[in-house]
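Colleague: Chains as they are written, first to last, in my numbering: chain A, 11 to 121; chain B, 1307 to 1421.
I should point out that these hints are in silico values taken from the structure, not numbers from a laboratory.
None of the hints are false.
Below, simulated SDA-like cross-link-like pairs (lysine to any residue); rule was C-alpha separation at most 25 angstroms, straight line:
(1) A:Lys52 x B:Leu1345
(2) A:Lys52 x B:Asp1392
(3) B:Lys1363 x A:Asn105
(4) A:Lys52 x B:Asp1313
Stretch-level coverage of chain B by chain A, calculated; a stretch enters the list once three of its residues show a Cβ under 8 angstroms from a Cβ in chain A:
(5) 1342 to 1348
(6) 1351 to 1359
(7) 1411 to 1420
Model, not experiment: these values are computed from the prediction.
Every residue, glycine too, gets a C-beta built ideally from N, C-alpha and C.
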Amino acid sequence: EDQVTQSPEALRLQEGESSSLNCSYTVSGLRGLFWYRQDPGKGPEFLFTLYSAGEEKEKERLKATLTKKESFLHITAPKPEDSATYLCAVQDTANAGKSTFGDGTTLTVKP
Amino acid sequence: DTGVSQDPRHKITKRGQNVTFRCDPISEHNRLYWYRQTLGQGPEFLTYFQNEAQLEKSRLLSDRFSAERPKGSFSTLEIQRTEQGDSAMYLCASSRRGLAGGEQFFGPGTRLTVL
Chain A
11 EDQVTQSPEA
21 LRLQEGESSS
31 LNCSYTVSGL
41 RGLFWYRQDP
51 GKGPEFLFTL
61 YSAGEEKEKE
71 RLKATLTKKE
81 SFLHITAPKP
91 EDSATYLCAV
101 QDTANAGKST
111 FGDGTTLTVK
121 P
Chain B
1307 DTGVSQDPRH
1317 KITKRGQNVT
1327 FRCDPISEHN
1337 RLYWYRQTLG
1347 QGPEFLTYFQ
1357 NEAQLEKSRL
1367 LSDRFSAERP
1377 KGSFSTLEIQ
1387 RTEQGDSAMY
1397 LCASSRRGLA
1407 GGEQFFGPGT
1417 RLTVL
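Starting from the given sequences, assemble the full structure and let the hints guide the process.
Modeller: Below is the structure:
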């Protein structure tokens, strides 16, 4: 069964203080790994898709990387508006329809 | 904006009542998914459709839950004889089938409270 574990559960940063979020996963075959941002009371918002080890994607202050066992979401010089819960999900090649999500990392950026 | 829409946004019901939620996906997307999310947890897969065909249903989903997508466009999720444990956010997502992509675009969710 596919598994996704995210750490830490919560992260508090000062504005401008860079850090990384971790997503460890177990799948029989990786079809894709996805990062989402979720604000309170809203649905997840798609950020990135990664398909193979070594791949990197960037968007503004965020950069996602992928290895065979984990993915990192690097946040460079965060701003208060980056505060949200960041969710990681995987899709298995054996079952491409559903995504298995981790429980997320709640990021708080203080001004 | 032609994103995923869900209706209603909030539903309060009494235990034992039936409830139905609607999801309208992005128009060119042929896959539609339902997830349930409780506080502090990630979304949990319930079921998904490709066009009008329901291709997978979670083993965790009891017989009280049923979903339809009759014409391959909007979908409904019905919960019969609601229980307090059904209280959660119900999320709908859609995607375009293909070798690449697979990213899912989510609606705002329907928050269900069972009293």
